[in-house]
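**Student:** All chains should be modelled from the sequences, with the hints used to inform the complete structure.
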Amino acid sequence: MKDIKNKDISRQDWKSPLLHLGRSGSPSFGFKVIFIIIMIFLFLIPLGMIKDLIWERESRKMEAREDVVSSWGGRSALGGPVLVIPRRIEREFLEEGGKSHRTEEYIENVYLLPRSLDMEIHSRNEMKYRGIFEIPVFTLDLNSSGEFSLEALYKHYNPANLLWDQAYLQFSYHQLKGMKKTEPLLWGGREIDFEPGDNAQSFYNAALKVPVDIGSGEIQNISRIYPFRFNQQIQGGTSLEFLPLGGVTKVLLESDWGSPSFQGYYLPGEQSITETGFSAEWELHSLSRGIPETWMESDASIFQKMRETAFGLTYYPELDSYSKTRRTVDYGILFLTIPFLTFFLFELISKVRIHPIQYLLAGFGNILFYLILLSLSEHTGFSPSYLIASLSVTALLSLYTLTIAGIGWKGLTLIPVMAAGYGYLFFVLKSEDYALLMGTAGLFAALAITMFLTRKIQWYD
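Okay, so the sequence shown: first residue is 63 according to this note's numbering, each after it adds one.
These are computed hints drawn from the structure, not numbers from a lab.
Please note: incorrect hints may appear among the correct ones.
[To be verified] Below, simulated DSSO-like cross-link-like pairs (lysine-lysine); rule was C-alpha separation at most 27 Å, straight line:
#1 K413 x K518
#2 K492 x K190
#3 K190 x K239
#4 K217 x K113
#5 K386 x K492
#6 K386 x K190
#7 K239 x K217
#8 K113 x K386
#9 K239 x K123
#10 K312 x K242
#11 K239 x K367
#12 K271 x K243
#13 K113 x K123
#14 K123 x K190
#15 K271 x K367
#16 K190 x K243
#17 K472 x K413
#18 K217 x K271
#19 K113 x K492
#20 K190 x K242
#21 K492 x K123
#22 K312 x K367
#23 K123 x K386
#24 K242 x K217
[As the list claims (entries may be wrong)] So the derived label-pair ranges between C-beta atoms look like this:
#25 H347 x Q263: 23 to 29 Å
#26 T516 x K190: 52 to 58 Å
#27 L453 x I107: 22 to 28 Å
#28 S278 x E125: 53 to 59 Å
#29 E120 x K367: 33 to 39 Å
Being a predicted model, the structure only gives us computed values, none of them experimental.
Beta carbons are placed, not taken as given, at the ideal position from N, Cα and C, and that holds for glycine.
**Tutor:** Take a look at the structure:
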């Protein structure tokens, strides 16, 4: 019996104190480690709820933006000019038996692209408000010029079948709601007013036209050049799109918006982006688009192919408070770990006992940080809100730690720990390109510090 008793005692000694209650009946360190890990994963549930709340608030802002932009003028697209000339076509049909035939005549438009097209655009941005939301919109000052050559018409069609006196220039837009001002078109030294156009066969949903004089199809006009010039002021928002209509298309765009996102079939050949604005320049040649200079209305696929070569930009919103707050929540598990780890180190080094409820309260304090940040950032911006939220939670947890028996003034060490964590996260959020690298370096540093502080602890004692 004595041997058996000694054997039982040796087995009990073999068991790690990390896995059972201490002498006072309080949870052991091993239990605390398991409890902390479980709590961290459980707190991911309210973090997920906060992220859903951010998406909901951001969706409301998107709805407000679409509403404001639509009222201001909508997404902008510039597709013109194109020279349109009706063409008379005769078609013969054999009657029954093939003994006689009849002739029918119908009209079909011919489209001709300009030989050159130059657009100089200045974009002025301003803010509109819908409730608490700030919505950016723009006003474009467009100065456009170019020239047409009729040589392709003489090459592909019989001049006698073209209705020269019915020729007009067609201009296509997403919608005309944003057309704030348009001056008469200058054509051959004459000023001609714009008129409502037919959008049935155009590049976009709305069209304007200008009747022009291109002569009567005399052969001596085959090499004649027809220059044009026009100015327009257009309101819009969200995006701006162009079509490479010219044999050579040049676009110079200047704006006071600091975060463009160039998109489409072509990127700008030259660009300059600063915090106060950007400039971009495109120079495109017709051979790169693979579309003929002239075509018939019946070839409707040309319109679709031309739209596929559109280029331009999206007025990409600067990283707003919702995006930054959502990225902050992505690091939530790290900032749940910081106070828990600090409390646990107090227990190991200072030999004090911290109740699991006190761990829970510290966790809820960190969750509250994200709610404070989200609610304030809608009114004061992200940076001031981040400062207020981090100071509030740091002060709350530090003062609460002072009240825990056995810690005393050592609880003030939580202030630099939390301040360093929140400060580091702020710089990670500001550095988008190096966020992953900086985040990884921060985790490595936190682990190294923890290993250093616990290097002399005898875990089995």
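**Student:** Evaluate each hint against the coordinates.
**Tutor:** Hint by hint, here is what the structure shows:
no.	hint	in the structure
1	K413 x K518	holds (14 Å)
2	K492 x K190	holds (26 Å)
3	K190 x K239	holds (17 Å)
4	K217 x K113	violated (63 Å)
5	K386 x K492	holds (9 Å)
6	K386 x K190	holds (22 Å)
7	K239 x K217	violated (39 Å)
8	K113 x K386	holds (11 Å)
9	K239 x K123	holds (22 Å)
10	K312 x K242	holds (24 Å)
11	K239 x K367	holds (26 Å)
12	K271 x K243	holds (15 Å)
13	K113 x K123	holds (15 Å)
14	K123 x K190	holds (12 Å)
15	K271 x K367	holds (22 Å)
16	K190 x K243	holds (20 Å)
17	K472 x K413	holds (12 Å)
18	K217 x K271	holds (25 Å)
19	K113 x K492	holds (19 Å)
20	K190 x K242	holds (17 Å)
21	K492 x K123	holds (22 Å)
22	K312 x K367	holds (20 Å)
23	K123 x K386	holds (15 Å)
24	K242 x K217	violated (39 Å)
25	H347 x Q263: 23 to 29 Å	holds (25 Å)
26	T516 x K190: 52 to 58 Å	holds (56 Å)
27	L453 x I107: 22 to 28 Å	holds (26 Å)
28	S278 x E125: 53 to 59 Å	holds (55 Å)
29	E120 x K367: 33 to 39 Å	holds (36 Å)
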